[in-house]
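Asker: Chain residues, written in single-letter form:
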Amino acid sequence: MLTKTFAILSVLTLTCGVAWNQGVASASQPILSGPLATLDIKDAQIETGRGTPSGTLKIGLHFGMDPGWFDPLGYYGPALHFYYLIHDALIKPMPQGEFTYSLAEHAEMSADFRRAAFRLRPGLKFQDGHPLTTEDVKWTFENYRGLSFKYLQDKVENIQIVNDRTIIFHFKTPFVDFLDLYSGSGSGAGWIVPKHYYEQVGKDGFKARPVGAGPFKFVSQEAGVQATFAAWDQYWRRVPGVSTINVRSVRDLAARMAGLETGELDLAYGMTGKLLQRVMTDPKLRWDPNFTAPWHLVFPGYNERSSPFHDKRVRQAVSLAINRPFLVKQETQGIGKPWGNWISHENRDALRGDGTDLPVPPYDPSKAKQLLAEAGFPNGFDFDWYVPFVPYFDMAERVLNDLRAVGIRSKVQMLDAPAYMAQTSKGRKGFPGNRTIVQRIDPRPGGAKELIRLYAVCDGPASYICEPAIEALWAKHEASVDVAERDRLSKEIQRIIVDGYYLVPLYLNPFVHAVTQKVLPAGDAVHHYWDTVNAPFPWPWEVWEVRS
Amino acid sequence: MATIPVGAESTIAAARAVRRGSRVLRDLPLVPLVILGLLVSVAALAPVLAPHGKLDPVTPKPEQCQAKFGIPDCPYVDNVPPFWSRGGSLETPLGTDFLGRDVLSRLMYGARISLIVALTGTLFAGAIGTALGVLAGYMGRWWDEIIMRITDAWLTLPSLVFAILLSSVRGPGLWNVVLILALVFWSRYSRAVRGEVLAIREREFVKLAEINGIGRLTIIWRHLIPNVMNTVMVLFSLQVGVAVIIEASLSFLGVGVPPPEPSWGLMMAQERESLMEGRWWLEILPGSCITMLVLAANMLGDWLRVRLDPQLRNR
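In order, the protein sequences belong to chains A and B.
So the first sequence is numbered by numbering that gives the first Met the number 0: it starts at 0 and just counts up by one.
So the second sequence is numbered by numbering that gives the first Met the number 0: it starts at 0 and just counts up by one.
Keep in mind the hints are simulated off the structure, nothing from the lab.
Please read these numbers as outputs of a predicted model, since none were measured by experiment.
Built from N, CA and C at the ideal position, the CB exists for glycine as well.
It is possible that part of the hints are untrue.
According to the in silico footprint, chain A covers these stretches of chain B (three or more CB under 8 Å from chain A) [claimed, not checked]:
1. 52 to 60
2. 70 to 82
3. 255 to 265
4. 273 to 287
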């Protein structure tokens with residue numbers, strides 16, 4: 000009886016909480032004058048009435064950690080894992096939608112895309128108790144130095160602080176994609192850091208002991224090895240479910256597996272590969288396929304004449320040489336999907352690579368050899384390095400094995416995560432020489448155009464591609480404020496990239512995560528942790544619950 | 000007076016020869032020599048002896064593909080067990096690895112890599128260290144000061160950590176590992192050789208050579224280096240084992256010889272997961288090869304140390 004009453008009360012409280020929040024959001028007064036663009040931003044799900052946090056969630060990360068990843072001002076993709084723990088953004092991808100209100104309760108964009116305005120929730124504060132205001136929002140934007148910072152800052156004319164809760168960004172030219180970059184997944188500029196604290200401790204001090212407005216407070220770290228976070232019970236959205244989260248770098252798949260089996264870990268990432276079958280058949284484990292993005296190959300310096308990959312036929316031969324179905328079988332027990340695009344279908348305006356929009360690349364080693372001979376390599380050739388994403392070194396050897404079968408030979412360069420990510424984020428500068436193949440993946444929520452901006456245009460911060468045909472379409476894309484036209488142009492560019500073999504897609508990666516029985520809820524309901532579309536990691540962390 | 004019968008002299012001489020031969024044989028370190036001989040032979044003749052290639056998977060039979068993947072045609076069959084297990088065959092006596100490559104062949108080629116890296120790395124280290132040690136010991140004064148202070152500083156660096164650091168700077172690669180070994184180990188030679196030279200340079204033959212106006216370089220080349228070679232050889236044989244371990248460790252950590260080359264350390268690293276799956280031989284076999292090589296090198300080094308030191312030899 001008592002349980003029933005409590006359950007009814009909880010449901011009522013929850014419903015009232017959500018309704019109250021929606022009521023506030025809908026009652027928000029407009030900030031900007033004039034016609035507004037239609038924004039599809041979902042309301043945050045505020046869960047009041049949650050109990051106290053309990054238990055520890057121990058996470059096994061599949062690559063080495065970098066303390067720099069605790070600082071959003073130096074954003075890089077995998078660091079989102081930690082931003083969702085320590086920090087919070089105005090708007091961010093959540094299970095409710097790719098754009099979901101978080102620190103902001105209301106946002107607007109003028110119809111001409113020259114202004115964007117946000118209103119913060121009332122009473123926000125950082126974990127040290129200091130109020131979070133628009134001053135912090137402005138300071139974060141102005142001091143952001145991570146991916147795409149120049150592009151973002153060049154676009155902004157000025158930032159107007161209306162009051163402690165209201166801020167307006169004024170752009171020099173229409174900035175249609177502002178929210179794509181500012182929503183948490185495209186850059187770190189929208190993840191708000193405390194100005195007072197950052198100025199006090201400096202960049203290195205902040206990396207060593209970050210403070211944010213997220214659901215978990217930083218407790219301690221062993222640089223590159225592990226970090227511990229404690230629940231912050233004053234987080235605005237809800238009280239976190241677990242009291243402690245410990246993230247460890249466990250590069251070795253066998254060690255992660257052993258960790259899960261012995262209870263040293265409760266959640267482990269990157270379980271594809273040699274032990275996936277063991278994960279899938281272990282009755283004590285539950286796993287989620289967590290399809291993220293397609294693996295693809297890139298050719299730094301391909302557009303230099305001395306590169307063997309300068310010839311399109313060679314790049315095509317690389318694609319034809321790879322036995323994708325067998326690769327998928329070996330690496331993912333068949334749950335991966337051979338894919339014909341380098342962008343996930345879950346990204347907005349992306350072409351599907353399963354034959355719907357773009358064909359699945361065929362496997363034809365004979366034709367690959369023929370193309371190599373036509374390109375002047377009848378006996379194949381050696382290239383310097385094959386650089387795989389960490390720690391998929393076995394997969395790299397499988398791909399190299401396929402390439403060697405048609406005469407393309409090389410060695411695997413095994414970099415650790417911080418080194419790999421530092422090099423790939425520099426684009427062309429990261430890989431001098433022009434005889435390297437880089438195996439890459441970039442799972443992130445958002446529009447396909449953001450990946451094109453990043454990886455496929457001349458000015459892209461991590462781009463290896465610079466093609467006049469793409470530049471012309473991209474210039475049109477940037478000049479247009481017609482969303483439909485921009486989508487069409489984005490798709491046209493994707494097609495050119497695939498048809499020209501500038502990037503060679505492999506397969507849609509199931510980034511398998513496994514959890515132990517300690518993780519709640521029991522059974523298949525656990526899959527709700529992976530509800531955020533195209534998110535590489537199962538955020539938000541505040542919803543995770545474990546048995547104490 | 001006793002007389003020796005006709006023909007007995009030759010019999011006695013033969014018996015003495017046999018005794019001498021057996022003494023020499025008894026003194027020889029047979030176990031390390033056999034192991035090293037075997038490994039060197041296998042390494043040298045790997046292209047002839049290995050049943051399959053070192054990089055390419057073994058071409059599977061249709062029935063193997065059918066049994067493993069349910070398809071008649073496949074590029075390779077991974078993790079075939081060794082011949083003594085069910086499902087194994089003598090075609091791949093020690094089974095195949097995760098990429099369908101013959102483990103025995105990779106072990107044979109792996110011996111090449113371990114020996115090349117260890118021997119050349121140690122040789123370079125010996126050459127550098129001996130040259131610097133002789134210079135410091137014979138030239139003295141600021142030569143000695145500079146070289147020995149650098150040597151002392153170098154000796155304080157933990158060899159594996161230092162090797163990893165150098166490897167991250169130089170990048171992976173077989174010849175980079177050789178260079179790293181040379182850079183890590185030269186200081187041990189220079190320290191030991193300098194001590195020897197300090198004693199030798201005071202001996203009469205060196206003094207006489209100096210009095211006779213023989214040039215320093217000639218003295219170093221004719222009188223000092225030949226006299227420190229015993230020490231260098233002992234150090235060399237002892238360092239080879241350490242170099243094998245360093246190479247294997249670097250490859251195991253992913254900063255040594257890059258895949259797909261079959262280094263023993265790398266083979267162990269790549270099959271860590273196999274232990275969990277019960278395929279212990281994929282870990283144990285390369286590990287045993289490393290152990291055998293290191294053990295043999297150390298035993299030989301110990302023997303040399305005793306043989307070349309008159310005090311120890313006559314004890």
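Asker: Per the coverage rule (Cβ-Cβ under 8 Å, at least three residues), is the stretch 255 to 265 of chain B covered by chain A?
Answerer: Contact hint for the stretch 255 to 265 of chain B vs chain A: holds, 4 residues under 8 Å.
Asker: Under 8 Å between beta-carbons, do enough residues of the stretch 52 to 60 of chain B, three at least, approach chain A for the coverage claim to hold?
Answerer: holds (count 3)
Asker: Does the stretch 70 to 82 of chain B contain three or more residues whose Cβ lies closer than 8 Å to a Cβ of chain A?
Answerer: n = 4 at 8 Å, threshold three: holds.
Asker: So is the stretch 273 to 287 of chain B in contact with chain A by the C-beta rule, three or more residues under 8 Å, or is the coverage claim wrong?
Answerer: It holds: at least three residues are needed, and the stretch 273 to 287 of chain B offers 4 whose Cβ sits within less than 8 Å of chain A.
Every hint, counting from the list given before, is met by this structure.
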